[in-house]
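S.K.: Sequential numbering from 8 applies to the sequence shown in my numbering.
None of these hints come from the bench; they were simulated from the model.
In this text, a Cβ means the ideal position worked out from N, Cα and C, and glycines have one as well.
Keep in mind that a hint or two might mislead.
[What the hints assert, rightly or not] Distance ranges between label pairs, derived from CB positions: (1) Ser265 to Ala34: 38 to 48 Å; (2) Ala111 to Phe75: 48 to 58 Å; (3) Glu38 to Ala115: 16 to 26 Å; (4) Arg173 to Val241: 15 to 25 Å; (5) Gln69 to Glu104: 48 to 58 Å; (6) Arg92 to Arg215: 36 to 46 Å; (7) Arg92 to Gln69: 18 to 28 Å.
[As the list claims (entries may be wrong)] Pairs of lysine to aspartate or glutamate, EDC-like flavour, derived with a Cα cap of 16 Å: (8) Lys153 to Glu212; (9) Lys163 to Asp194; (10) Lys17 to Glu124; (11) Lys127 to Glu104.
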Amino acid sequence: MERVSDALSKVRAQVDAWTRRHQSLLALRSEVAAMRQTGAPNFLQKWKDKYPEVSLKPEQWQEFLLQFSGDVDGILQGALNHAVRNIAGWKGPGKGEVTPPVDAPPPAGSLIPPNVELEKQTSTLLSAELARLRGLIGIDAENTRKYNQLSEKISKQEVAVGKLDREIEAAERAGARIVALQQTRYDAYRGVFQAVVEEERELSELYRPLQEVLQEEAGALGKLAFSIRRLVDVEGWADIAEKQLFDLRAGPFRGKGSLVQAAEEEGLGGAWESGSADDVAAAMSKFR
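With these hints in hand, go ahead and build the complete structure from the sequences.
M.R.: Right under this line is the structure:
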């Protein structure tokens, strides 16, 4: 269930990213229309008012009207269509996807085909599969609501961290702004891991009744136990960062493996695996 939940969070992040792109493209298209309707004519009128002595004819003045040099309408429409397709593709339902009615008993078999990448499935299919798994393990409506809130909180915090990272990169030459954004990012990192800690606590409470029942059973059932723990892939994290974010030929991280070594020396892995939200935020701040 955790793998499905993690995949759903990543797919929702894709939906959010494409939705933001679509909204930005619509805003840009409105700016283009405004420039044609009022902006360019206003510029032309200012020049006419400023240089009346040139005595140009109206048709000559019209040649000075500012215009876009390329097919901006076609470019924008193509980008909008691309964004719409991606939003629909990530949201779903996709072709051939079947999701059971909400009030139907959860089916025993998985809704997701075998041997597929979970992170490439639609939000609709992953949501239905997550609901099926929850139904099978007996999480009631109230616990489902709490779990959904925590999962949604983590997803929103992750999106917020990504947005803050982009803002910091854009403002890297503005010292005071960077300090403020770094503090906001510190708070966002803390918020992400506080939600993770709360999710751990909630999952422990969810499975406690079943654990107590199993402990009273004889034989093999009595030996079963549930364990809630964090799995941290520091090497995978460092590998992505070294390939996509850092120039290993210069800067503080030189050579493959230097980032994971620095992360371990600064205690990032330990903080991620078992630390509190404050521990993680402090470790990230020290590491940066």
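S.K.: All the hints need checking, so say for each whether the structure fits it.
M.R.: Hint check results:
1. Range check, Ser265 to Ala34: Cβ separation about 41 Å, and the 38 to 48 Å hint holds.
2. For Ala111 and Phe75, the Cβ-Cβ distance of about 54 Å falls inside the hinted range of 48 to 58 Å, so the restraint holds.
3. Remark: the range hint 16 to 26 Å for Glu38 to Ala115 is contradicted by a beta-carbon distance near 54 Å.
4. Checked against the given bound of 15 to 25 Å, the beta carbons of Arg173 and Val241, roughly 24 Å apart, stay inside it.
5. The supplied range of 48 to 58 Å is met by Gln69 and Glu104, whose beta-carbon atoms lie about 55 Å from each other.
6. Checked against the hint of 36 to 46 Å, the pair Arg92 and Arg215 passes, with Cβ atoms roughly 45 Å apart.
7. At roughly 40 Å, the beta carbons of Arg92 and Gln69 sit outside the given window of 18 to 28 Å.
8. The hinted pair formed by Lys153 and Glu212 meets the criterion: a straight-line CA distance of about 11 Å does not exceed 16 Å.
9. For a cut-off of 16 Å, the pair hint linking Lys163 to Asp194 stands: about 13 Å separates their Cα positions.
10. Proposed proximity of Lys17 and Glu124 is supported: the alpha carbons are some 12 Å apart, at most 16 Å.
11. The suggested pairing of Lys127 with Glu104 holds, with an alpha-carbon distance near 13 Å, which does not exceed 16 Å.
In this structure, the earlier hints numbered 3, 7 are contradicted, and the remaining ones agree with it.
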